[in-house]
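Participant: Chains as they are written, first to last, in our numbering: chain A, 1 to 160; chain B, 1 to 511.
Since the hints were derived computationally from the structure, they do not count as laboratory data. A portion of the hints provided could be inaccurate.
To give a feel for the contact side, a few chain A residues facing chain B, derived at Cβ under 8 angstroms [as the list claims (entries may be wrong)]:
| no. | residue |
| --- | --- |
| 1 | A71 |
| 2 | A73 |
| 3 | V76 |
| 4 | L77 |
| 5 | Y79 |
| 6 | E136 |
C-beta: ideal position from N, C-alpha, C; glycine also.
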Amino acid sequence: MKDLVVLRVVARWNIPFMVVFGLYVQTHGELGPGGGFQAGVIIAAGFLLYGMIFGAQELRRIIPRWVTDIAAACGVLIYAGVGFWAMGNGYEFLDHAALNPANPGGAEPWGMTLVEYGVGLTVAAVMITIFNEITEGTAPEDEPVNKDYDNPTEMDLPRR
Amino acid sequence: MIPDQLQHQIPALIVLTPLVLGLITALIGRRGLGWWIAMLASLLVFAGSIQLLIDVMHSGTYTVSYLMGNWPVPYGIEYRIDPLNGGVLCTVALISAAVTLFARRSVASEVSRDRLHFFYAVWLFCQTGLLGITITGDAFNLYVLLEISSLATYTLVAMGKGRDRRALTAAINYLVLGTIGASFILLGIGFLYMVTGTLNMMDMAERLDAIYITWGTAEPQYQKTVLTGFAFLFVGVSLKLALFPLHTWLPNAYTYAPAAVSALLAATATKVGAYISIRFIYTIVGTDAAFRGAIPTHVFIMVSAGMAILLGSYLAIKQDNVKKILAYSSIAQIGYIALGFALDNKNGLTAAVIHIFNHALTKGGMFMALGVVAYRLGNTRLQDLRGLGRKLPVSMGAFTAGGLGLIGVPLTAGFVSKWYLVTGAIEAGRYEMAAIVLVGSLLAVVYVWRVVETIYFGKRDEGAPNVQEAPITMLVPMLLLIGASIYFGVDANTTSWIAEAAAETLLGVQP
Numbered sequence: 001m002k003d004l005v006v007l008r009v010v011a012r013w014n015i016p017f018m019v020v021f022g023l024y025v026q027t028h029g030e031l032g033p034g035g036g037f038q039a040g041v042i043i044a045a046g047f048l049l050y051g052m053i054f055g056a057q058e059l060r061r062i063i064p065r066w067v068t069d070i071a072a073a074c075g076v077l078i079y080a081g082v083g084f085w086a087m088g089n090g091y092e093f094l095d096h097a098a099l100n101p102a103n104p105g106g107a108e109p110w111g112m113t114l115v116e117y118g119v120g121l122t123v124a125a126v127m128i129t130i131f132n133e134i135t136e137g138t139a140p141e142d143e144p145v146n147k148d149y150d151n152p153t154e155m156d157l158p159r160r
Numbered sequence: 001m002i003p004d005q006l007q008h009q010i011p012a013l014i015v016l017t018p019l020v021l022g023l024i025t026a027l028i029g030r031r032g033l034g035w036w037i038a039m040l041a042s043l044l045v046f047a048g049s050i051q052l053l054i055d056v057m058h059s060g061t062y063t064v065s066y067l068m069g070n071w072p073v074p075y076g077i078e079y080r081i082d083p084l085n086g087g088v089l090c091t092v093a094l095i096s097a098a099v100t101l102f103a104r105r106s107v108a109s110e111v112s113r114d115r116l117h118f119f120y121a122v123w124l125f126c127q128t129g130l131l132g133i134t135i136t137g138d139a140f141n142l143y144v145l146l147e148i149s150s151l152a153t154y155t156l157v158a159m160g161k162g163r164d165r166r167a168l169t170a171a172i173n174y175l176v177l178g179t180i181g182a183s184f185i186l187l188g189i190g191f192l193y194m195v196t197g198t199l200n201m202m203d204m205a206e207r208l209d210a211i212y213i214t215w216g217t218a219e220p221q222y223q224k225t226v227l228t229g230f231a232f233l234f235v236g237v238s239l240k241l242a243l244f245p246l247h248t249w250l251p252n253a254y255t256y257a258p259a260a261v262s263a264l265l266a267a268t269a270t271k272v273g274a275y276i277s278i279r280f281i282y283t284i285v286g287t288d289a290a291f292r293g294a295i296p297t298h299v300f301i302m303v304s305a306g307m308a309i310l311l312g313s314y315l316a317i318k319q320d321n322v323k324k325i326l327a328y329s330s331i332a333q334i335g336y337i338a339l340g341f342a343l344d345n346k347n348g349l350t351a352a353v354i355h356i357f358n359h360a361l362t363k364g365g366m367f368m369a370l371g372v373v374a375y376r377l378g379n380t381r382l383q384d385l386r387g388l389g390r391k392l393p394v395s396m397g398a399f400t401a402g403g404l405g406l407i408g409v410p411l412t413a414g415f416v417s418k419w420y421l422v423t424g425a426i427e428a429g430r431y432e433m434a435a436i437v438l439v440g441s442l443l444a445v446v447y448v449w450r451v452v453e454t455i456y457f458g459k460r461d462e463g464a465p466n467v468q469e470a471p472i473t474m475l476v477p478m479l480l481l482i483g484a485s486i487y488f489g490v491d492a493n494t495t496s497w498i499a500e501a502a503a504e505t506l507l508g509v510q511p
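Chain B with its partners taken away, still in its complex shape (with noise of 0.2 angstroms):
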């Protein structure tokens, strides 16, 4: 068993080992020894982020608090962890783990030597900002570690140069992005702090609820100003979370990024963002205001859902590099977690904490099995992989099941989701959403079979260099996701039992 003492203080020494780390891989990680601290903190991460997941799930209240440099609640930091973050900080810190040791020989084609040990350490620092994104109970907290984990990240993303200088236009593109994005987090959490003079997120909510009763009077004080910091920051946080229309930046940062970059940003970063969206509209501001207020939030989340699903799926269906395809069907998942959360409902909510999960697994999966295509081709044109199936056959047949999970077939991880997303639609009274989501799903198996066709069936060129399968260190991460997807998709127990518990908690509604 852990010490108590050490036990109590998993909370800060989450966010802190790979920030510690991160530095000492920055001064001494020269002669490979980056990869292999990378390594030691996402464990330790790991083995950390789960006990505190038991912790908060056996604690009664379904909460964990730690009060940073032991200041009380109002005027410190505190770090504050529920079901719902406690599922987000697990799935970012194995995703974290999974592609960490993933990255080992496929960073080491892509990124120059002399410059590992940086990555490495901007690698640690971009988890830190996400783990931290995560686990905090400050919104001001919040966005600085925000503006950590972004700033690693456009690093991360411009490291792609050496194999396409695109990358650097990407990687521009998204940092001009993603600072509007910020700028508007800033902006918004600043209106808020305005009204309630104050920075946690428990007192501000209580405070926003007292002043939300004048509303009604004849004089209703601050309504214009909340509802114009809900508006910055809900703008914002769609930057960061790449919801349609303000998704543009995505496709390229994801495709030009290294292969291990793209796993982990597609399956961390935006979800991160979808994190940061159902916070800010369940705890902070309240559902009273955000969607019944003068703003009908929702609808126009659903709108935006709805056009992801259709139009991402759409678009992937028409790439023709296959990490493209991938990159537009992740605006299309984060269609279906917006949807999720927007309908106000437990199955709704349950649908998207859990997809959270389960898109993350089978995403973080499949951009492993094209980054073993790129590493043995050297990219991932859709023409390229013909006839790799029998040439690839485990990281292929990774990839095939991806697919299934993202379709949604029954037994995959997708299905779960799915099933939570439709039963809430037709709860919450809005069949045109679930079947939007049943249309999504066939416009997945059409871009998800145009590239299970080409791998099967189509003939490799006669020139065409020989290729075998990838190291086991890229097999054995990869294998594990997609191996979790499946496992999550037969027993969903684990996984919705959390779910269910953050909805009901971000509900009110008492267990």
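Okay, chain A solo, but in the shape it has when bound (with noise of 0.2 angstroms):
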């Protein structure tokens, strides 16, 4: 679909917003509403969007199958490492007082944005993947395709 300048330019510019908002809803979420599982799936919209414009295979460039793979283990490793914080230092796992034991209430939203974080990047990831899954092997780019436009054959033509 690259080849449409409409699509090309409208996605140019929204990527950048989309990813933006994403990253607000994130640091947004740990009090209001919001949080991991919203923006992880917001930023992984954008990285889709890109994906269909511009082929799965650009996706797959410049977000290699490694790295989707090494970011959804660590997200989840985050979240449990912020328990594992909290056990190390003589509280029940995931009890964010561990993390301000002055002040337990305070420690609260620092464990949840700590933990969504965590939560986001596991969500972005797993959709990124997800996608490459879904995508691998029948994306356009990965047929034989008629450059030749002046003789379309009837694979170019639109599907009515």
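Build the complex: two chains, separate frames, hints provided.
Facilitator: Right, dumping it as structure tokens:
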């Protein structure tokens, strides 16, 4: 679809805003509406839009498979790591009071923020992985394409 | 000794160790590290669960409780361990450790090299789910962990495609039925949540008790909602447990999965299903509503269990693949467990709990023996086992000893469970059920003898390839489990102590 100028320009203009909005939802999440899951999906949507306009292989060029694999695992490890930090300091698993024992109520948002970053990372990575799994081998650029625009084959004509 | 701080954290660590190490396996498990990490996780979990069971049995109240994130009880997730789930936890951990040791050579021969680290990551997630279901005291948490273990299980079954493509259809079949079962469980929990407004199991039980008081009055409040919820739950769990007639996913899934996966699933997955039924019937809904209310569920379970014992054993006799014989035999053995908890008396419940453990040992060991056969021969058809008794003396000896345990010969663990079961059936006045147990044992003699005769008295074909005994890492865990099944048949003090304590806490009898 990268030959369609409208889509290309609109996507170019929109993707940065989508990612920034995702980051806003992420940072806003610990006390208000929003959070890691929604942020992860919004950020991933930005990348998926890129992948849909410019092709799945192009997406895999800017975010290779190994990056999403590691990011997915690291997100969960961040989540568990916050819990283990509490355990190491003599609190129950995921008891955020461990982050600031002097003011447990103030530590709660800190703990939630850290945990939500882990969630966001994993969700974004897994969404991109799902897209990669679905498009693998079926992306248009994987198939032979007729570059001879004056004599379009049946495959190149728009489907009705 | 273990420091107090660490000992206090054991309930959380039991679930977190395989989860975190599973993720690490997926990250850095290439180059054969996967198995080592999985083995480490299984051993840590096994040590932790033994320590936890000891704590529970010596705690006086028979309970150990752990609050996730230090949220107080009805609001947060509580991990609550009593003799019942402490025992099931040890069973799952013991089997996982033994089968992981067994898996190294066996899985390497069945799963392609570049996927091994994913296999062990999923393997650890499956353990996470099973251990988590057992340990948690929160109904919704149970459902989440059930999904984790189920999704991991479908993947593990499908990994058998390297040896037999039918593993894929078996996995899809299991996925569809398992998902229906899980949805029913979720619906059931939803109905109970609608009535009680809580998800903590003990809290739910208390609030349901308060609701039952209104049932006798002119306006029985919530009666239909509770019973509908229980019905959904029961059918869903029965699918997971493979209780007849909802067993259809089981034979193919066990037969076409990799050998180590069959051993793990047969010994743990359905046992955890049995634990969920016992927990929901006895602790949460309560026998008054479940058995003596508007629906006599125990009669349904007994009919299903009786059919499972008779038809499962009969179908096992007719199979030509030894793995399938064991799979149908598992359906019959699940019938014994279900019968035990349907009898609603102490001996019956003890039989159910003790059989969860004894059958896990026996069946795990027998599936490992077949894993050795598959490792050496490439398949487990009955005709290919002819005369293997002389070629694989240790494995086939272990298989025979396990077979005796399935029949319930004295001095094997199977005898202990059947003793409790028949006593419980007679105590409950269910003589026909006691008779069915005995007939089931006779049918077990037939299907075990059919294999044993082939192994020892069959003649190997002329040009059959020469086979030798399996490597030591496969023999040790197999002998460990079969040896334990004989040990706990001779000296059943420990197991019956724990099982009776579990039955007493479930029935509310003060010890």
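Participant: Could you run down the list of hints and mark each one as holding or not?
Facilitator: We went through each hint and held it up to the structure:
A cut of 8 angstroms between beta carbons decides the hint on A:A71: the least distance to chain B is about 10 angstroms, and the hint is violated. Among the interface hints, the one on A:A73 holds; its C-beta lies about 5 angstroms from the nearest C-beta in chain B, closer than the 8 angstroms criterion. The beta carbon of A:V76 comes within 6 angstroms of a beta carbon in chain B, closer than 8 angstroms, and the hint placing it at the interface holds. With a least beta-carbon distance of about 6 angstroms to chain B, the hint placing A:L77 at the interface is held under the 8 angstroms criterion.
Residue-level restraint check for A:Y79 is violated (minimum Cβ-Cβ distance to chain B is 10 angstroms; threshold 8 angstroms). A least Cβ separation of about 16 angstroms between A:E136 and chain B goes past the 8 angstroms threshold, and the interface hint is therefore violated.
Checked against the numbered hints given earlier, this structure breaks hints 1, 5 and 6; the rest are met.
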